[in-house]
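K.L.:
Letter by letter, the chains look like this.
2 protein chains.
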Amino acid sequence: MLTEKDKQAFQDYLTQEGLKFSEQRMQILEIVLQGVKHLTANEIYKNVQKRHPGIGYATIYRTLRLLCEAGLCVELKCEDGICRYEHAADDVHHDHLICTKCGRFVEVVDPQIEKLQDKLFKDNGFLPQRHRMELYGICRQCKK
Amino acid sequence: MLTEKDKQAFQDYLTQEGLKFSEQRMQILEIVLQGVKHLTANEIYKNVQKRHPGIGYATIYRTLRLLCEAGLCVELKCEDGICRYEHAADDVHHDHLICTKCGRFVEVVDPQIEKLQDKLFKDNGFLPQRHRMELYGICRQCKK
DNA sequence: TTGATGTTGAGAATCGTTATCAAAAGATAC
DNA sequence: GTATCTTTTGATAACGATTCTCAACATCAA
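Just so you know, the sequences run in chain order W and V. Our numbering puts the first residue of the first sequence at 3, with every later residue one more than the last. Our numbering puts the first residue of the second sequence at 3, with every later residue one more than the last.
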């Protein structure tokens, strides 16, 4: 869901960094923050093409980086080596359940696991920064 | 630690698949299964070079695939996009604590987390296959 | 030793992503 | 609105890890 708040946040970020606003950046913002989640750069590229033919991959990647830096989107480095991008949920960290047959992504959170992860960091003398947890399996639909 | 058992297991696997034994494969087996863990293909390449100059990357990758298929080694797809290979521990799954400063890998296991992960699979109607958990932080040495 | 088959190494190809750079477009001052 | 200064853009080349191709070579059974 793309909100005015997100648009404003992006504009504010650009202004703050001395960057400029452009048609292309708005198009990419709209595609990434609305609708389907976990899009690859290629999917975003194809989507933007429809409304803005001629756009290049470089612009897609550059804008995705900006969106990440602005905290509006998160890059997921997936096992297949292709990055996917999702709308940054409001401060709520989550992990992913991924169907190995259809590629479906389900977002999950488990506060207990989060606590145990923190404990692992501490027990090993690590200063926690972030973590990544992906659960691969076969979803209900694909099991049938 | 490279054991005779591992060597035998690799030979058995090759025989079973109708494949042949070679000097290069033995060299790679020794490098990967002994000593330092979590080597990249490039590190393995450089190590094998010392004892067997002229070896090519193709052979490294082909042999790594064989070792994985034989269940002797595991490929880790890391966030930096470079795969690392570790000696497959005897049936014991483990996750990783990774220092973002020095790259140190620490293997960790938490049975409670494993249970909670299984619960997440079930609660979402997924048939569990495997998972990946990486905890990124700064290790004791690098904190100083 | 020979023949059939699997393996090797050099180099090309792949593919997602990033860098380069001249042309185009925003922002700002006038 | 126009001039001017930046920044942005898109085409294309470059990158780096990994895989493919293929002719030369090694292995093994008979």
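Among the clues, some could well be false.
Copies of the same chain look alike in the list, so a pair counts if it works inside one copy or between any two.
[Said to hold, decoys possible] Cut-off 30 Å, straight-line C-alpha distance, at most; resulting in silico cross-link-like pairs (DSBU-like, lysine-lysine): (1) K124 to K79; (2) K79 to K9; (3) K22 to K79; (4) K9 to K117; (5) K7 to K146; (6) K7 to K39; (7) K7 to K145; (8) K103 to K124; (9) K79 to K145; (10) K117 to K48; (11) K117 to K79.
Read the hints as simulated data drawn from the structure, not as lab findings. All of these numbers come straight from a predicted model, not from anything done at the bench.
K.L.:
Which hint numbers does the structure go against, in order from smallest to largest?
P.N.:
4, 5, 7 and 10
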